[in-house]
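Student: This is what each chain is made of:
There are 2 protein chains.
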Amino acid sequence: MATHKRGKCSFQPRHPPVITAWSSIAGKKESEGPLRDWFDHWNTDTYFGEPSWEKAECRMQELALESLLKKAGKTPKDIDLVFSGDLLNQCISSSFALRNTGLPALGLYGACSTMAESLLLSAMAVSGGFAERAVAMTSSHFATSERQYRYPLGYGGQRPPTAQWTTTGSGAALVCATGSGPKIEAATIGTIRDLGITDANNMGAAMAPAAVETLIQHFEDLHRSPEDYDLIVTGDLGAVGREIVLEQFRLQGVPLGDNYNDCGLLLFDRQRQDVHSGGSGCGCSAIVLCGYLLEQMRFGKIKHLLFCGTGALLSPTSVQQGESIPGVCHAVSITMEEE
Amino acid sequence: MATHKRGKCSFQPRHPPVITAWSSIAGKKESEGPLRDWFDHWNTDTYFGEPSWEKAECRMQELALESLLKKAGKTPKDIDLVFSGDLLNQCISSSFALRNTGLPALGLYGACSTMAESLLLSAMAVSGGFAERAVAMTSSHFATSERQYRYPLGYGGQRPPTAQWTTTGSGAALVCATGSGPKIEAATIGTIRDLGITDANNMGAAMAPAAVETLIQHFEDLHRSPEDYDLIVTGDLGAVGREIVLEQFRLQGVPLGDNYNDCGLLLFDRQRQDVHSGGSGCGCSAIVLCGYLLEQMRFGKIKHLLFCGTGALLSPTSVQQGESIPGVCHAVSITMEEE
Numbered sequence: 101m102a103t104h105k106r107g108k109c110s111f112q113p114r115h116p117p118v119i120t121a122w123s124s125i126a127g128k129k130e131s132e133g134p135l136r137d138w139f140d141h142w143n144t145d146t147y148f149g150e151p152s153w154e155k156a157e158c159r160m161q162e163l164a165l166e167s168l169l170k171k172a173g174k175t176p177k178d179i180d181l182v183f184s185g186d187l188l189n190q191c192i193s194s195s196f197a198l199r200n201t202g203l204p205a206l207g208l209y210g211a212c213s214t215m216a217e218s219l220l221l222s223a224m225a226v227s228g229g230f231a232e233r234a235v236a237m238t239s240s241h242f243a244t245s246e247r248q249y250r251y252p253l254g255y256g257g258q259r260p261p262t263a264q265w266t267t268t269g270s271g272a273a274l275v276c277a278t279g280s281g282p283k284i285e286a287a288t289i290g291t292i293r294d295l296g297i298t299d300a301n302n303m304g305a306a307m308a309p310a311a312v313e314t315l316i317q318h319f320e321d322l323h324r325s326p327e328d329y330d331l332i333v334t335g336d337l338g339a340v341g342r343e344i345v346l347e348q349f350r351l352q353g354v355p356l357g358d359n360y361n362d363c364g365l366l367l368f369d370r371q372r373q374d375v376h377s378g379g380s381g382c383g384c385s386a387i388v389l390c391g392y393l394l395e396q397m398r399f400g401k402i403k404h405l406l407f408c409g410t411g412a413l414l415s416p417t418s419v420q421q422g423e424s425i426p427g428v429c430h431a432v433s434i435t436m437e438e439e
Numbered sequence: 101m102a103t104h105k106r107g108k109c110s111f112q113p114r115h116p117p118v119i120t121a122w123s124s125i126a127g128k129k130e131s132e133g134p135l136r137d138w139f140d141h142w143n144t145d146t147y148f149g150e151p152s153w154e155k156a157e158c159r160m161q162e163l164a165l166e167s168l169l170k171k172a173g174k175t176p177k178d179i180d181l182v183f184s185g186d187l188l189n190q191c192i193s194s195s196f197a198l199r200n201t202g203l204p205a206l207g208l209y210g211a212c213s214t215m216a217e218s219l220l221l222s223a224m225a226v227s228g229g230f231a232e233r234a235v236a237m238t239s240s241h242f243a244t245s246e247r248q249y250r251y252p253l254g255y256g257g258q259r260p261p262t263a264q265w266t267t268t269g270s271g272a273a274l275v276c277a278t279g280s281g282p283k284i285e286a287a288t289i290g291t292i293r294d295l296g297i298t299d300a301n302n303m304g305a306a307m308a309p310a311a312v313e314t315l316i317q318h319f320e321d322l323h324r325s326p327e328d329y330d331l332i333v334t335g336d337l338g339a340v341g342r343e344i345v346l347e348q349f350r351l352q353g354v355p356l357g358d359n360y361n362d363c364g365l366l367l368f369d370r371q372r373q374d375v376h377s378g379g380s381g382c383g384c385s386a387i388v389l390c391g392y393l394l395e396q397m398r399f400g401k402i403k404h405l406l407f408c409g410t411g412a413l414l415s416p417t418s419v420q421q422g423e424s425i426p427g428v429c430h431a432v433s434i435t436m437e438e439e
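Those protein sequences? They're chains B and S, same order as listed. Residue numbers for the first sequence follow our numbering, so the first one is 101 and each next one is one higher. Residue numbers for the second sequence follow our numbering, so the first one is 101 and each next one is one higher.
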């Protein structure tokens, strides 16, 4: 049997699947940031025509899927499988967006790493011969997250400088066995790391150890180094978490250079938009990838991208019970090079 | 490239992976039921030595993994990948059980279908050549579910006859490329169905349409009929949902016979144990499969098993916002026959 496994945690498909289409839906604040021109659709309020923020988040996933199929020239009947998840309790945005569509659906929970998790599972399903076309999809919404994880919106609590701003947005990618576009040529599945951070307003610090570990594992498993990539992005550590990653790599003598950035920093203008440490939420890395980065690859501005989804695996209950915050990071290597 | 895909929603691995070991951890009530003698461990209270029910649920997953590795004669280093999820907000039982174990982890959300979802993804990863050994794992806990989805335990609310009893338990299965044991020879990935049931105390009725659809799709995709299986089990529709499935099949002229049962009915003695419509929760189908059913296969009492995990994809928020309850069902065909 053909094996795609490489090293301890990585795999390299022998026939790399192709991301033939992608779509991105953004909220109001996101459409006022530096990536404004790259999104397919945005909304001037946070409701997307729905009566609640939770329904609005679900609507964003429906719009992301519609937009994806339209751009790819496909119908739901052409899709074999959807991998999706989100931050809401019981992942309702994802489940409700797919109900009665007739699409085979596998639900995920990877917190803000969901875009990377869904992409790598789509790559596995397609390159393993279990599906011809799979969709990877996720979303988040500032208002649904804020009231679920933190405070009612009307409370107006003050946010500390380490806090991140949950993105209102949804991204989707179509992963196919054949076609043209960026290819998923390798991926590294992360382990769950917890170094004891207990401050739920400092997710960047909680997730950074997982990001460092997955990056090092990726380089080791595939015999690579940071210079093999034009761009390495984490999503989303923000400014605080990014500094920790840079410092850890400096300490290990393998400095990450200008080719390392974070989706939470790319999405917003931190000074002007008052997002403190940067963007966060499943939707952040999703719309940065499915809005901006994959377009950059299509235009040849990025040839080799290492997309590292990072998730903080806490819940309000775990925090209230005094638990620290575990993090996870999954890395997906995307290339425009031909084999 | 070798394709394993069959029909619209199914796949059949060309080299069926083997379930070489399984483990089950049960709570107090579960260990007082008819399957008592089949579980690896049980606890005489609901705390498993922990200070909260949530930590107890996490502890059950740790115990299930420890027991699984011990029975298989393996260490964590031998495991390539873990697929797990649970019912708690942000799936904390699963994430916390795996933190700092060094095990590559992919989180799932499939509600009570998680055992089937994790099994079919493990089969995909192993038979596709992405992992040599994968663990499929899940849990649920009566007290954590009750207070998260319904009422505080001390409230003592009266339960209607259609209500099910969330199982306290955790099950795990080791899926390997080689070895001896029951084989995963096919699987059908479900779609999300919502026929408008809004009663959160009648999950069986909410999930039954998804179960019917997945079963019919399974038979169609693989050109099979119900008689091809010694046992078809859903998990967990309870008595109410099981009746709906039987009626729907009668109406379609393809009667399900005595070979159809439900994990929620197998786990408890409904009359004596006051569980109303039957058991539910990710842990129900998990410990019925990884305690009782796989042992029956090992002893030759069941040759062909169709294990159908059913999940109700609601949240308290979706119910409060007036939404109906979508359901999903994934089917995994397990055989003792040699190829």
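Incorrect hints may appear among the rest.
The list makes no distinction among identical chains, and a pair is therefore deemed to hold if it is satisfied within one copy or across any two copies.
Below, simulated DMTMM-like cross-link-like pairs (lysine to aspartate or glutamate); rule was C-alpha separation at most 25 Å, straight line [said to hold, decoys possible]: (1) 128 to 166; (2) 105 to 232; (3) 171 to 246; (4) 105 to 285; (5) 177 to 321; (6) 129 to 178.
These are calculated hints, taken from the structure and not from any lab test. Quantities reported herein were computed from a predicted structural model and do not represent experimental measurements.
Student: Hints first: check each against the structure and report whether it holds.
Tutor: Results of checking the hints against the structure:
no. : hint       : verdict
1   : 128 to 166 : within (20 Å within a copy, 48 Å between copies)
2   : 105 to 232 : both (21 Å within a copy, 9 Å between copies)
3   : 171 to 246 : neither (32 Å within a copy, 44 Å between copies)
4   : 105 to 285 : both (12 Å within a copy, 22 Å between copies)
5   : 177 to 321 : between (37 Å within a copy, 15 Å between copies)
6   : 129 to 178 : neither (34 Å within a copy, 47 Å between copies)
In the structure shown, a violation is registered for the earlier hints numbered 3, 6, in ascending order.
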